[in-house]
Amino acid sequence: MIIVICVVIACIIVIIISLIVYSSRKRAQRRKQQERNLGVSHKTNSYW
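Per the numbering used here, the very first residue in the sequence shown carries number 532; after that it's consecutive.
None of these hints come from the bench; they were simulated from the model.
Distance windows between CB atoms, simulated:
no.: 1; residue 1: 565; residue 2: 533; range: 47 to 55 Å
no.: 2; residue 1: 566; residue 2: 532; range: 48 to 56 Å
no.: 3; residue 1: 535; residue 2: 567; range: 44 to 52 Å
no.: 4; residue 1: 532; residue 2: 565; range: 49 to 57 Å
no.: 5; residue 1: 560; residue 2: 540; range: 29 to 37 Å
no.: 6; residue 1: 541; residue 2: 561; range: 28 to 36 Å
no.: 7; residue 1: 569; residue 2: 543; range: 37 to 45 Å
no.: 8; residue 1: 569; residue 2: 536; range: 44 to 52 Å
Glycine is no exception: its CB is placed at the ideal position from the N, C-alpha and C atoms.
All chains, full assembly: derive it from the sequences and hints.
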(Lines of atoms letter the chains of each structure in order from A and count residues from 1; the text may use other names and numbers.)
(Lines give C-alpha, C1' and ligand atoms only; values in the text may rest on other atoms or scores of the structure.)
Protein backbone atom coordinates (compact mmCIF):
# COMPACT_ATOMS: atom_id res chain seq x y z
CA MET A 1 0.00 0.00 0.00
CA ILE A 2 2.83 2.42 0.85
CA ILE A 3 4.41 1.82 -2.57
CA VAL A 4 1.12 2.58 -4.32
CA ILE A 5 0.75 5.85 -2.39
CA CYS A 6 4.33 6.83 -3.29
CA VAL A 7 3.68 6.13 -6.99
CA VAL A 8 0.50 8.23 -6.95
CA ILE A 9 2.31 11.14 -5.22
CA ALA A 10 5.17 10.91 -7.76
CA CYS A 11 2.69 11.00 -10.66
CA ILE A 12 0.97 14.07 -9.21
CA ILE A 13 4.32 15.84 -8.76
CA VAL A 14 5.33 15.05 -12.36
CA ILE A 15 2.01 16.38 -13.67
CA ILE A 16 2.35 19.61 -11.65
CA ILE A 17 5.94 20.16 -12.87
CA SER A 18 4.95 19.52 -16.50
CA LEU A 19 2.07 22.01 -16.19
CA ILE A 20 4.44 24.66 -14.75
CA VAL A 21 6.96 24.07 -17.54
CA TYR A 22 4.21 24.19 -20.19
CA SER A 23 2.81 27.48 -18.87
CA SER A 24 6.29 29.04 -18.65
CA ARG A 25 7.04 27.96 -22.25
CA LYS A 26 3.79 29.52 -23.44
CA ARG A 27 4.75 32.81 -21.77
CA ALA A 28 8.22 32.68 -23.35
CA GLN A 29 6.71 32.05 -26.80
CA ARG A 30 4.36 35.01 -26.37
CA ARG A 31 7.28 37.24 -25.36
CA LYS A 32 9.28 36.11 -28.40
CA GLN A 33 6.33 36.80 -30.70
CA GLN A 34 5.93 40.29 -29.20
CA GLU A 35 9.65 40.96 -29.71
CA ARG A 36 9.38 39.77 -33.32
CA ASN A 37 6.39 42.02 -33.92
CA LEU A 38 8.26 44.98 -32.43
CA GLY A 39 11.31 44.17 -34.57
CA VAL A 40 9.15 44.02 -37.70
CA SER A 41 7.47 47.32 -36.87
CA HIS A 42 10.88 48.95 -36.21
CA LYS A 43 12.15 47.68 -39.58
CA THR A 44 9.12 49.00 -41.43
CA ASN A 45 9.47 52.35 -39.65
CA SER A 46 13.15 52.57 -40.66
CA TYR A 47 12.21 51.89 -44.30
CA TRP A 48 9.68 54.71 -44.38
